[in-house]
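So the sequences go chain by chain: H and A.
Following the working numbering from start to finish, the first sequence increments by one per residue and tops out at 1771.
Following the working numbering from start to finish, the second sequence increments by one per residue and tops out at 1771.
By construction, these hints were calculated from the structure, which means they are not laboratory data.
Fair warning: this is a prediction, and the values are worked out from it, not measured in the lab.
We put the beta carbon where it would ideally sit given N, CA and C, even for glycine.
The reader is advised that the hints may include incorrect statements.
What the hints assert, rightly or not - Here are the in silico distance ranges between beta carbons for each label pair: (1) Arg1643/H - Met1497/A: 35 to 43 Å; (2) Glu1489/H - Ser1694/A: 26 to 34 Å; (3) Arg1706/A - Pro1766/H: 42 to 50 Å.
Unchecked claim - Some chain A residues near chain H, calculated using beta-carbon distances under 7 Å: (4) Pro1499; (5) Pro1500; (6) Asp1531; (7) Asp1532; (8) Ala1544; (9) Ala1545; (10) His1548; (11) Asp1550; (12) Val1714; (13) Val1718; (14) Thr1720.
2 protein chains.
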Amino acid sequence: MSTNGSTSQAPKYDVVGIGNAIVDVISNVDENFIHTHDLTKGAMTLIDAERASNLYEMMPPGLESSGGSAANTIAGVASFDRKVSYVGKVRDDQLGEVFAHDIRAAGVHYDLPPATQGPPTARCLIQVTPDAERTLNTFLGVSALLEPDDIDETLMADAEVVFCEGYLWDVESAKQAIRVAMDAAHRAGRIVSLTLSDSFCVERHRQEWLELIDERVDLLFGNEREVATLFEADDFDMNAARLAEIVDIGCITQSERGSTIVNGSDRIVIAPEPVPVAVDTTGAGDLYAAGFLAGFTGGADLGRSGRMASIAAAEAIGHIGARPSVPLTTLV
Amino acid sequence: MSTNGSTSQAPKYDVVGIGNAIVDVISNVDENFIHTHDLTKGAMTLIDAERASNLYEMMPPGLESSGGSAANTIAGVASFDRKVSYVGKVRDDQLGEVFAHDIRAAGVHYDLPPATQGPPTARCLIQVTPDAERTLNTFLGVSALLEPDDIDETLMADAEVVFCEGYLWDVESAKQAIRVAMDAAHRAGRIVSLTLSDSFCVERHRQEWLELIDERVDLLFGNEREVATLFEADDFDMNAARLAEIVDIGCITQSERGSTIVNGSDRIVIAPEPVPVAVDTTGAGDLYAAGFLAGFTGGADLGRSGRMASIAAAEAIGHIGARPSVPLTTLV
Chain H
1440 MSTNGSTSQA PKYDVVGIGN AIVDVISNVD ENFIHTHDLT KGAMTLIDAE RASNLYEMMP
1500 PGLESSGGSA ANTIAGVASF DRKVSYVGKV RDDQLGEVFA HDIRAAGVHY DLPPATQGPP
1560 TARCLIQVTP DAERTLNTFL GVSALLEPDD IDETLMADAE VVFCEGYLWD VESAKQAIRV
1620 AMDAAHRAGR IVSLTLSDSF CVERHRQEWL ELIDERVDLL FGNEREVATL FEADDFDMNA
1680 ARLAEIVDIG CITQSERGST IVNGSDRIVI APEPVPVAVD TTGAGDLYAA GFLAGFTGGA
1740 DLGRSGRMAS IAAAEAIGHI GARPSVPLTT LV
Chain A
1440 MSTNGSTSQA PKYDVVGIGN AIVDVISNVD ENFIHTHDLT KGAMTLIDAE RASNLYEMMP
1500 PGLESSGGSA ANTIAGVASF DRKVSYVGKV RDDQLGEVFA HDIRAAGVHY DLPPATQGPP
1560 TARCLIQVTP DAERTLNTFL GVSALLEPDD IDETLMADAE VVFCEGYLWD VESAKQAIRV
1620 AMDAAHRAGR IVSLTLSDSF CVERHRQEWL ELIDERVDLL FGNEREVATL FEADDFDMNA
1680 ARLAEIVDIG CITQSERGST IVNGSDRIVI APEPVPVAVD TTGAGDLYAA GFLAGFTGGA
1740 DLGRSGRMAS IAAAEAIGHI GARPSVPLTT LV
């Protein structure tokens, strides 16, 4: 849909993000580990508590680092010195404390109180192979219990862009929460953005998402495989044209080939930023969205916003972990 | 003392380590952060739960990684494919689970059950400044409650070297535990090793340590500042001579100038291993000890053991975190 709502006043935040609040556990493994433990390389697989416990036991020593796709994006936007807020649910446990500390320390407004009961804080067991590819195995824990009551509609009306992560679509109550958030944003004349998150995730929700995107999403992020899955077609140009019909702006990332921004009949080709040594692609897509949103909400044109997106993505690929390791303002 | 005991049989482990079982929280900060928050740069300061909570709140986003001085050393020895065991206390909480996972996944035998009550698992808030220096602030939590009952004397008799961390000396019950461990090792004819850990730690226990080292320690690790504090003198050669009088072997590290191994009247000078980019010195001393112990228990002479120590220390300095990021066997 287009952004026709009337904005009553200047928003308090540039972007508010909604997503699964997750702590990542990152280990370097060899290719063999992926095969031995039946992992789907490069994808995000949902796992239950028992599988999480078994898989963790088999993993090499890890590094713990706050993650969560939308949370990474929002931390990235904050790293460009923009005003941001985040909604995602943790428990009152040690990993929840780590998540809340890290997102606040990144300069993000975060005030959803930790749950005092239910499953523990979500964790994502990440295997990084020598080719820098990451394989995600997520135990959603309490983050899956996000519900409409957790959405502060005033907050949604107070951000220029409301950014939602597709991963939330795997749980019914979170779905409802997203719809509530998107509708509150549109009533206030704000922009609604969605990231497709993962091609398997797109596959699970294809028809529902086509409708959701057409009706409620203005600015969409996805990689070419996710977009191909959405339209069940491989032709890039045709997919771009179909995307242009249902969103105002579509950002399609193409790995080491850069990205293409789709806006009506315009196609803006963004060159990739060189990465000296690819270490870990965890967070690359999340920080691409961060760079774009920072540029876009700061008044940059689509080309400039795309450049900022490429630079932020490259930063994420250069180190272990999904959040920026240097202030992104220093790179643009 | 010298190792005159008679060994009844070949030990099951090359090294068993005893120390504070800690999870590190590592953040990059600027010099200003150190001054603003009254931190003692480069040292280890013990902090209570309240100070830990306040300091954490002020720290930038962090990376969590298993730490603890002796635990790092033991993980390092394991990374050289040697047989090792570890004793240190965690709680049955999420950080305790992380610690236990990481040390076992590193190939270390670790079977002390987590405490089911008392304070939480220890954490060390680490600030890394742009000069790669690390400043440690440790909340000991349940790790300080190590006591003689936690020492399995059979395990101590079953290792060629029993390696103890000086940091344990700050709590009375842990002190007793160390004495029990050292005595059990000597009764079985094993070698007792101690690391001085920190010059402020040496200052707190100077007289007691001089006696302990003279009576119970065969192999000592320390940096030149710690050794200077021990003998209250700055003359390196004189300190080396005094050290030679009270231990069989002394390894004195000298930062970027390498190290000197003291053995009777012999002085073996070890060149430093070049470090392409110094990122974080956390764990450098711990991994120096790891390299030396791996060489020494593997039958290498003192010079070769010292070289392995330098190589392991350099590896630790090249990345964030105190444990090896690659198998150390591949570097020697």
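Indices of hints not satisfied (ascending): The structure conflicts with hints 2, 6, 10, 11, 12, 13, 14, although it agrees with all the remaining ones.
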